[in-house]
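Protein chains in written order, with my numbering: chain P, 5 to 265; chain S, 21 to 255; chain Z, 371 to 649.
To be clear, the hints were calculated from the coordinates, so they are not data collected in a lab.
Built from N, CA and C at the ideal position, the CB exists for glycine as well.
Don't take each hint at face value.
Taking CB as the label site, the calculated pair distances span [said to hold, decoys possible]:
#, chain 1, residue 1, chain 2, residue 2, range
1, S, Gly252, Z, Met563, 55 to 61 Å
2, P, Lys251, S, Asp33, 31 to 37 Å
3, P, Asp201, Z, Ala508, 44 to 50 Å
4, S, Ser239, P, Lys251, 57 to 63 Å
5, Z, Asn430, S, Ser165, 53 to 59 Å
Think about it this way: if two alpha-carbon atoms lie no more than 20 Å apart in a straight line, the pair counts; the simulated SDA-like pairs of lysine to any residue are [what the hints assert, rightly or not]:
#, chain 1, residue 1, chain 2, residue 2
6, Z, Lys515, P, Thr130
7, S, Lys218, P, Leu107
8, S, Lys218, Z, Val502
9, Z, Lys611, P, Leu107
10, P, Lys54, S, Pro32
11, P, Lys54, P, Asn78
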Amino acid sequence: MLSLRSLTAGALALFALVGNASAKDWTSTTIRIGTDATYAPFESQDSGGKIVGFDIDVGNAVCAELKLKCEFTNQDWDGIIPALNAGKIDAILSSMSITEERLKQIDFTDKVYNTPPVIVVPKDSTIAGFTAKDLAGKTIGVQSSTTHATYAEKTYPDSEIKYYKTADERNLDLAAGRLDAAIDDIVIFQQWLGTPDGACCKIAANIKIVPEIHGRGAGIGVRKEDTDLRDLFNKGLAAIRANGKYKEINDKYFNFDAYGD
Amino acid sequence: MQKLIDLLQWGPDGWLDELASGTAVTIGLALATLPIGIAAGFIVALGKQSTDPLIRASAHLYTTVFRGLPELLTLFIVYYGAQFAVSAASRALVGAPLEISPFLAGMVALGLVLSSYASEVFLSAFRAIPREQAEAGFALGLTHSQVMRRVILPQLIRIALPGLSNQWLLLLKDTALVSVITLNDLIRETQVAVSSTKEPFFFYAVACAIYLLLSVISSAGIWRIDRWASRGTAK
Amino acid sequence: MGLAGNGKVSDGAATLRPAPAGRLNNVTPAGIALLALWAIIGAGVAYGLAASLNAEGLANYGPRILAGYLTTLELVVLSFAVGVVLSVPIAAGRLSRNRLAGGLAYAYSYFFRGSPLIAQIFLIYYGAGQFVPELKAAGLWWFFKNSFYCAVFAFALNTAAYQAEILSGAIRNVAPGQRETAAALGLHPRITMRKIILPQALISALRPYANEVVLLAKASAIASIVTVLDLMGQTRFAYSKTYDLSFYFWAAVLYLATVEIFSHGVNFVERRITRHLKR
Chain P
5 MLSLRSLTAG ALALFALVGN ASAKDWTSTT IRIGTDATYA PFESQDSGGK
55 IVGFDIDVGN AVCAELKLKC EFTNQDWDGI IPALNAGKID AILSSMSITE
105 ERLKQIDFTD KVYNTPPVIV VPKDSTIAGF TAKDLAGKTI GVQSSTTHAT
155 YAEKTYPDSE IKYYKTADER NLDLAAGRLD AAIDDIVIFQ QWLGTPDGAC
205 CKIAANIKIV PEIHGRGAGI GVRKEDTDLR DLFNKGLAAI RANGKYKEIN
255 DKYFNFDAYG D
Chain S
21 MQKLIDLLQW GPDGWLDELA SGTAVTIGLA LATLPIGIAA GFIVALGKQS
71 TDPLIRASAH LYTTVFRGLP ELLTLFIVYY GAQFAVSAAS RALVGAPLEI
121 SPFLAGMVAL GLVLSSYASE VFLSAFRAIP REQAEAGFAL GLTHSQVMRR
171 VILPQLIRIA LPGLSNQWLL LLKDTALVSV ITLNDLIRET QVAVSSTKEP
221 FFFYAVACAI YLLLSVISSA GIWRIDRWAS RGTAK
Chain Z
371 MGLAGNGKVS DGAATLRPAP AGRLNNVTPA GIALLALWAI IGAGVAYGLA
421 ASLNAEGLAN YGPRILAGYL TTLELVVLSF AVGVVLSVPI AAGRLSRNRL
471 AGGLAYAYSY FFRGSPLIAQ IFLIYYGAGQ FVPELKAAGL WWFFKNSFYC
521 AVFAFALNTA AYQAEILSGA IRNVAPGQRE TAAALGLHPR ITMRKIILPQ
571 ALISALRPYA NEVVLLAKAS AIASIVTVLD LMGQTRFAYS KTYDLSFYFW
621 AAVLYLATVE IFSHGVNFVE RRITRHLKR
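Please model the entire structure based on the sequences and the hints provided.
Below, the structure is given as C-alpha cells:
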C-alpha cells in the first residue's frame, strides 16, 4: 500500500514538475505553424501546392534567426484556434489580428504587421456613403471568424452579411456581382484588384479602425501556456526587424511599410 | 477551349497532378473507411438480432442517430469534438497525446454513418436467409462459428452485395465532404485550382467527371465480386 | 436444438431469431453496459445543451438557430416539390423505349446520382458566377445571384434524378397482369396509367419517397457551404463566434427530432393507405 501510494505521489509530482516547467524543448522539435493559405499575398498556395506568402517568409526568417525547425501546415480558418488549443499545431501565423476576444482563448506575440481594412464595391456601384443607413438592405461579403466580419455585424446591422469560408470564395462572388460590398484588409484587395478578375471592382473607402474590434495588428498566435515560445518568437521578430530581413521581405511584397505604427 | 485543356496538364503548369493526388486521397479515405464501416455494421446487425432487448435497443439507437444526422454535421462533431476532447485531456495530462487528423476524423465520421446503413443492409440480408439453413447446420453437428462462417456468411455476402455496393458508391461521394475540414481530397484540390485559375465551371465539371469515372470503375469491380459471390448458385 | 459433436447443446438458432418481444428475461451484462453507455452519452449531451442555454447564448444565437431551422425546412420543401415536377419527364424518359429520350434520361440520372452533391452545388453556384453576362442577357441572373435559389436549384436537380429512379422503378414493378387486364378491358393507356398503374405504384413508392425526403433533409446541410444560412450555416456561425461545441449538438437534436417525427408520420400514413392490402 505504501509503495503504491508513494509511486502515485511520485508520478504526480513528476507530472507537476514537467507540467509547470512547460519545458517543451522547442529547439529539438519541429514547430508546426498553422495557416489558412487562401489569403494572398500573406499566405496562399502556388500551383505546385506549396504554401507561400509574406507570413510564410516572415515565419521562416524568424525560425532561421532562432535556429528552430518550422513547418507550415494548411488549416481551415474557422477551426484554427481550436486546432492550436488541441495541440495539432503549435502556432498560428495567418494574419490573425490581436484582439481582446481572441486573447481570452490564446496568447499572441508582438505584431507582425498592421494594415488597415477597406471597403470594396463594384465599379458601377451606386452606393454614396458608408454609414449604416447607406448600406441598409445591401449585401456585404466578409470572411467568417474575422475582425472584418465582427466589424460588419456591429456597424451595419441592417445589411445582409454573407459569410464565406475563405477570402477567395468571397472575391469570386464579389466579381460575379452577388455582393454589393466587401470588407477586408487593404492588401488583400490591392493584390486582387490587380488581377483580371478584380477588374470589376474598386476600393471605395477606408474603414475607421475600432481597436476593440480590429485589435492592434496581426501577430503570431500561441497557446496561453507556451509563454516561452511566445518570448522566443518575439525575440526573433525583433531580430529580423533590426537586421533588415523584415524590410527585405516587406519590399518583396509591398511598396509601403506593412508594419504600420 | 485549348486554354482549358492546357490547364489539365501534368506538372507545374497544369493541375492534373494536383487533381490526381486529390483523387488518391478520396479513394484512400473511402478504402480505409470501408472495412471498418462494414465490420462495425455487421456487429451492429448481430446486435439487432440479439436475444437481449437492451442490446437490441442500443443497436437501434445507434442506427437511428447516425442515419438521422446529416453527414456534414457528424463530421463537424467528430472533428471539432475530438479536438475539444483532446485539448481537455491534454490540459489534465502533459503534452498532446493524440492528434486527430482530418483524415482520421473523416474515417470515424464516415465509418459511423456507413456502419449504420450497412447494419440495416445486413439485417435484411439475415432475415432473407431461411432459418432452416442454420438449423440444418447445427443438425449436422457444426459449431456456432462454423455455421456462421460456412453456411450463413457466403449467402449473406451474396444477398447483401447490392445494398453494400450502393453504400460504397454513397461513401465515395460522401468523402467529398472532408474538403470542408481542409483535407486535400479531390474537391479541395479543385477549389485550389479554381481560386488560382478562376475557372470554376470547368474544374468542378472535371471533378464531377472524375467521380463518375470512379463510380464506373467501382461498378465494374462490384460486378466481378458479384460473379464470385454468386458462383455455384442457379441463375 | 441440435446436438453438436462435442456434446454441447447448441442454441445457436436463438441468436439468429429474436426472442419473443416484451420479456426482459434475456438481459445480459453486455446489454446493460451498452445501454448504460448510451445513457452516459445522452446525459453528457443533455448537460452540454443545458449549459449553453445561458442567457447570453440563447439571446444571441437562439433566434438565429431557429431562423436557420426554418430556412432548412423551406429549402427541403421547395427542393422536393420542384424535384417532383422535374422527375416526371425524366421518369418518362427512363421508361421510354425511344433511344434518344431513354439515353438522355439515363445520362441525366447517372450524372446527378453519380457525382457528389457538394460538387454539383459548387458547379452551379460558382459556375453561374462565371457566366454573369450570359445569364444577365438571358434574364436569369436575378435567380442565380441569390444563394438560396441556387441551392434550391442544385438540390431540385439532384433529387429529381433520384425521384425519377423511384418513380420509374415503382411503375415498372406494378404487376404486368394489371396492364394486361386493363388492355383486355379496353381501357385507354392514359386512363390505365392514371387509375390503375399510378395508384399502385405510388403506394409502393411511398417508403422510397419518404427515404428520399430524409436524405434531402440531411443533404440540405451542404447549402451552408455556399453561404446559405440554414440550420447548419447558423450553427457554424455561432460556433465560429464562441467555439462552443454545444451549438452543434443543438443542431443534431433538431435534425434528429425532425427526421424521427417525419419517419413516424410516414409510417402512420403507410399503415393507413395499405390497410386494404392483406399483409
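Z/Met563 and S/Gly252 - C-beta distance against the hinted 55 to 61 Å: violated, 42 Å
44 to 50 Å as the expected CB spacing between Z/Ala508 and P/Asp201, which holds or is violated: Violated, at about 22 Å.
Consistency of beta-carbon spacing, S/Ser165 to Z/Asn430, with hint 53 to 59 Å: 57 Å Cβ-Cβ, so the 53 to 59 Å window holds.
Pairwise hint evaluation, Z/Val502 against S/Lys218, where the allowed Cα distance is 20 Å at most: Answer holds: S/Lys218 to Z/Val502 is near 14 Å, not above 20 Å.
Restraint check for S/Lys218 with P/Leu107, where alpha carbons must lie at most 20 Å apart: It is violated: about 36 Å lies between the C-alpha atoms, which goes past 20 Å.
Satisfaction of hint between S/Pro32 and P/Lys54, Cα-Cα up to 20 Å: holds, 11 Å
Proposed proximity, P/Asn78 with P/Lys54 (alpha carbon, max 20 Å): holds, 10 Å
20 Å limit on alpha-carbon distance, applied to hinted pair Z/Lys515 and P/Thr130: holds, 18 Å
Hint consistency between Z/Lys611 and P/Leu107 [alpha-carbon to alpha-carbon, up to 20 Å]: holds, 14 Å
S/Ser239 paired with P/Lys251, Cβ distance criterion 57 to 63 Å: holds, 60 Å
Assessment of proposed distance window 31 to 37 Å (beta carbons of P/Lys251, S/Asp33): Check passed, 33 Å falls within 31 to 37 Å.
The earlier numbered hints that this structure contradicts are 1, 3 and 7.
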